[in-house]
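> Letter by letter, the chains look like this.
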Amino acid sequence: MGKMSRSPWLLHYDASSCNGCDIEVLDCLTPKYDIERFGIINTGDPFQADILLITGGVNSQTEPVVKQLYSQMPSPKVVVAVGICACTGGVFKECYNIRGGIDTVIPVDVYVPGCAARPESIIDGVVKAVQILDQKRAAQNQEA
Amino acid sequence: MAKRSIIPFGPQHPVLPEPVHLDLVLEDETVVGAIPSIGYIHRGLEKLVEKKDFKQYVYVAERVCGICSCGHGMGYCEAVEQVMEIEVPARARYLRTIWMEMSRVHSHLLWLGLLADAMGFESLFMESWRLREKILDMFDATTGGRIIFSVNCVGGTLKDMDRDMLAGICRAADEIEQEIHPVMETFLRDYSVQSRLKGLGVLKKDDAVLLGAVGPMLRASGEAYDVRMLGYEAYGDLDVEPVTAQDGDCYSRCRVRLYEILQSLRLIRQAAEKIPDGEIAVPVKGNPKGEYFARIEQPRGEAIYYVKGNGTKNLDRFRLRTPTTSNIPPMVELLKGCQLADVPLIILTIDPCISCTER
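Protein chains in written order, with this note's numbering: chain S, 1 to 144; chain W, 1001 to 1359.
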């Protein structure tokens, strides 16, 4: 991995996950994994976030929330689907209240599989997301 | 009279890792009412018994919640085993107990961290979660998973622990017991923590019983009620005493959970010492027919598993009453009369697990 170009801010939202991936996302912040050494901070505010981390498949009640959070984030933005439920629906795919993966609602850039996704793979996904963020920003600057 | 206003709280809120929505009715800064609305994590897991057979469903039951995963698998298996009249081998019962108590330690340490985070005590949050990693490492070593590790199956457990693993678990328990002391000192004696927690959200013993509180919430109000006293799995052979506190405020709930960590560490060591040799699972033949209620003590309180089988490989009905479901009515009562700034703390001290509640 080369030098990080920015210090991205994360927004985490649970769109009907079982909690497993959520606590692993939080785990990335704590001393053992310490995602902050990459300059990454977890924020609660969509207006200041660059990367949206979503866990869990989407159900009818979280769908508008996910869409709203996505639309409130400033552009360029990157979405990371954490856990197999967020990627495809996973074990809950056949449930009557589950739409499927996050990509049925908003565009997803990075998929992190696993049940529950391990902190190493979440960090890996976020680092990939930062590269995509750079590409998107470069494309946006070219247009402007 | 002051002007009433309604403030929406959630579903996406910095203090909550999970979405729950509350409409807080305020008079100036004082909360006079709270209207919870849930359903953000409803997936419809109970209905899935019609599509998965009763052995496959263990994996779904474990994914009801990522924090109490081991317990949900265990409770479901226990209910099915009772319906099918399966005698679980003694070693499997001990193994389940050890993993269950490890889950309790990890869940309580997680909660302590979240509480510290809600108070803005960042270093205490980091310290609690650093301790928790030791337990997760032992889960990883014994099962291969950190959070959801699928060890239960109908008829016993899927994995065994050898002597080295048991010794490793005891060593981790010793380390945590030593290192938790400064954390406990801070939670119980630190001036700023006390001023934030003491006297906040008082739930009296009678109210707690009347409103149906369970788990540490109930025990913090002085009622010595713990389902582990029933002696399911291996708890009958171990020394289980309910940990109680008298005041019923946020501080007492914190205190109960801290002492429960020590109790669980003691139980882990006891079980590791007493564990008998033998099989870890018995073969399961036939399909469940009949119904049963199983009760187990989850980290958050009493959980009830209802299973109804009709003689086919798919169950008729699976029903789960989770501890948070019963703790929401007392929480709504506690919120009335508190200050707006205290709302996140009061919500946290019931240790809400929304994904259990809504399934």
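FYI, nobody ran anything at the bench for these hints, they're computed from the structure. A portion of the hints provided could be inaccurate.
Stated by the list, open to error - The following label-pair restraints were derived from C-beta to C-beta distances: (1) S:Ile41 <-> W:Ala1341: 37 to 45 Å; (2) W:Tyr1306 <-> S:Ser71: 35 to 43 Å; (3) S:Lys93 <-> W:Gly1199: 30 to 38 Å; (4) W:Tyr1059 <-> S:Tyr96: 12 to 20 Å; (5) W:Lys1205 <-> S:Ile41: 40 to 48 Å; (6) S:Gln68 <-> W:Gly1278: 53 to 61 Å; (7) S:Gln131 <-> W:Lys1204: 55 to 63 Å; (8) W:Gly1236 <-> S:Gln131: 32 to 40 Å; (9) W:Pro1329 <-> S:Ala138: 51 to 59 Å.
Remember, predicted model here, so these are calculated numbers, not experimental data. Ideal Cβ placement from N, Cα and C applies to all residues, glycine included.
> With reference to the structure, classify each hint as holding or not holding.
Hint check results:
1. S:Ile41 <-> W:Ala1341: 37 to 45 Å: Given about 23 Å between the Cβ atoms, the range is violated.
2. W:Tyr1306 <-> S:Ser71: 35 to 43 Å: Since Tyr1306 (chain W) and Ser71 (chain S) have Cβ atoms about 42 Å apart, the given range 35 to 43 Å holds.
3. S:Lys93 <-> W:Gly1199: 30 to 38 Å: Violated - the Cβ-Cβ distance for Lys93 (chain S) and Gly1199 (chain W), about 48 Å, lies outside 30 to 38 Å.
4. W:Tyr1059 <-> S:Tyr96: 12 to 20 Å: 18 Å, holds
5. W:Lys1205 <-> S:Ile41: 40 to 48 Å: For Ile41 (chain S) against Lys1205 (chain W), whose Cβ atoms are near 43 Å apart, the range 40 to 48 Å holds.
6. S:Gln68 <-> W:Gly1278: 53 to 61 Å: 56 Å, holds
7. S:Gln131 <-> W:Lys1204: 55 to 63 Å: The hint (55 to 63 Å, Cβ to Cβ) holds, given that Gln131 (chain S) and Lys1204 (chain W) are roughly 56 Å apart.
8. W:Gly1236 <-> S:Gln131: 32 to 40 Å: 56 Å, violated
9. W:Pro1329 <-> S:Ala138: 51 to 59 Å: 54 Å, holds
Taken one by one, the earlier hints fail for this structure at numbers 1, 3, 8, listed in ascending order.
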